[in-house]
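The hints should help you fit chain Y onto chain S, whose structure is shown.
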Amino acid sequence: MNTLRFITAGNVDDGKSTLIGRLLYDSDSIHTDQLGVLQKQTKQEGVDIDLSLITDGLRAEREQGITIDVAYKYFSTKKRKFIIADAPGHEQYTRNMITGASNSDLIIILVDARKGITEQTKRHASIGSLMGIKKAIVAVNKIDLLNYSETVFNQIKEDFEAIQAQLNFDEVHFLPVSALVGDNIVSKSVNTPWYHGKALLETLETIELETTENLASRFQVQWVIRPKDEAHHDYRGYAGLVLSGSYKVGDTVIILPANMATKIVKIEKNLESVQEVKAGDNVVLHFENNIDISRGDSVVLYHQLPIESNQVKSWISWLDNAPLQVGKTYLLQHRFKNVRVKIQEVTQKWNVNNWEFTNETEIKLNDIAQINLRTNQSLFFDAFEDNPKTGNAILIDETSNNTVGALLFL
Amino acid sequence: MSQQHNYLEQLENEAIYILRETAAQFEKPALLFSGGKDSIVLVHLALKAFRPGKFPFPLVHVDTGHNFPEAIEFRDYLANQIGEKLIVASVEDSIKKYNLKETAGRFPSRNALQTYALLDAIEENEFDACIGGARRDEEKARAKERIFSVRDDFGQWDPKLQRPELWDILNGKVKKGHNVRVFPISNWTELDVWNYIQQNNIELPSLYFAHERECIVHHDKLVATSEFIQPLENDEVVIEKVRYRTVGDMTCTAAVPSEAKTVQDIIDDIIQTRVSERGQTRLDDQLSEAAMEDRKKQGYF
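Protein chains in written order, with the UniProt record's numbering: chain S, 1 to 410; chain Y, 1 to 301.
Be aware that one or more of the hints could be misleading.
[Said to hold, decoys possible] Output of the computed footprint for chain S on chain Y, the stretches with three or more beta carbons under 8 Å from beta carbons of chain S:
no.	stretch
1	20-28
2	50-57
3	182-196
By construction, these hints were calculated from the structure, which means they are not laboratory data. Don't be surprised by glycine CBs; every beta carbon is placed ideally from N, CA and C.
The shape of chain S in the complex, shown without the other chains:
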């Protein structure tokens, strides 16, 4: 059993909260006392329970009937554990969607059957794609309101396929659903006999997940373990996460930026010695030579060197209320390594609604653009397209300490 993290994109009006509520409710993931609270809150007459209330957590959100922040919901079946990032769909909360998308393997794009593909659908699809999500489910919702029309469904499918070429999804599934009634959510609906695919839950259970195991091997030192006591006088272990690929005892590695070669003589995982470790493992590496290595240093295989540069081209998604300032010094956090950077120029701005590039250089909250930046010391990285674990970074404003930008290296 493994975990699938997914984000649901859509507005309250599209039935997003109802969809999540339906998944949780029909998969028996709502506790009875929580149901009691929900029944109390459901004020509509004749309605037993308003499923959308399951996800709207904070008081301010219930008052306004919108999702402000990303909420995480959990459920599991015999096949998988699921983590839902329930992110707001409104344009003014794009940054929250970016956050939710960055932690997801899959995106469910909700389309209102009555409205078809809209500007908003394009925005949600493109944000998911930009953030590196490779799997998408287009859920055509409220199909019950159109008499379960196959024609409507096929038209929406065709319209989406027409724009799909511009997106980076590897796999897209189309499903006719009604979250309110429950059609094709946890089981196949008799109302859509023309639909031959799986219900939503089964699709989520069986979709194959991406792995970074087959990419070039990448490891950054996160924490140095040096007990300095009698029993471990010579112990010097370099702890960190295997970001991609794999490492084994005997591998010749290059330590960057020192650019020194050494050999892995021992690998520990969960306090035990192992021969080989792979992407996703937290490990402690030991090297043959006594080299000065500190947090943020990269350990790579000699024949798989990353890009080394202090000039970086990147996508940026701006997350702060104060606009981006060209020429100002920011802090760039590349996993465990912090460097100072200056954004030299905004090369083009990208409109997420119509997918047009413009020459505008003023980048404000929720804007997405391409930039050139210069770092005060060399970065060792990959393009985001080649490695989603080493091709990204965050930008921090040193005065407010806020995370102001998400970077995806080009």
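Quick look at chain Y alone, frame taken from chain S:
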């Protein structure tokens, strides 16, 4: 995320990653330790993250004065066994110092008062990060919590101004005086915690397993009699076989009827039960629908 790992390994890896990130990014972190199962799991994860080195932080227990003696005993036993430093912050002291009042009524809660002792301990020890065992599945305000949750000098949480948390890149930069609450097991559910305890043979206080106890029946909940809670004349008092699903204060944590002798029995119990952990056992969360949201804004975990 690798497909080859099962979900418990994924959760473990994520938690160890967060613990090491906390150690690396902060000057003076602390691990909030209650003696409950979630914080015991945290200690276990810290062993995996930092051994053979010492923990780069002390354990801090906010002692309400109403704790179960079994939990306190276990706390001291564990700290001693792993040889790590334990700091105890006393709510009793805060109550005297600030002339605080616990909630009125039959089953007083010092839950909200823990905040005072915690904030004092943070200030005194200059902690810039406090690691806690809160989980997003516990409650809806917690569902919106970040892994690194920034708090101001008053420990306040502002849900509208949370930092975006991109990928698993954690930004622990804070102004002097501000601090961060760190939640390594955010993505674990109650069942995940128990499965992990089972898989790793983690020792727990005896409270978690079925035992006989004298309880007062109060609104369908079983509240143990103790030096703090004495039965009144009209109370229905029973001796029941119970266990604790959460370990809070003796005054406001309810026991559940159970025959569960082993961790596996408990796992079976949880799969059967349809009531949430906090809903079944906490007398103080049900006061208002937004009770947790309010406490967190005031500096609670």
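Violated constraints from the hint list, given by number and in increasing order:
Those not satisfied: there are none.
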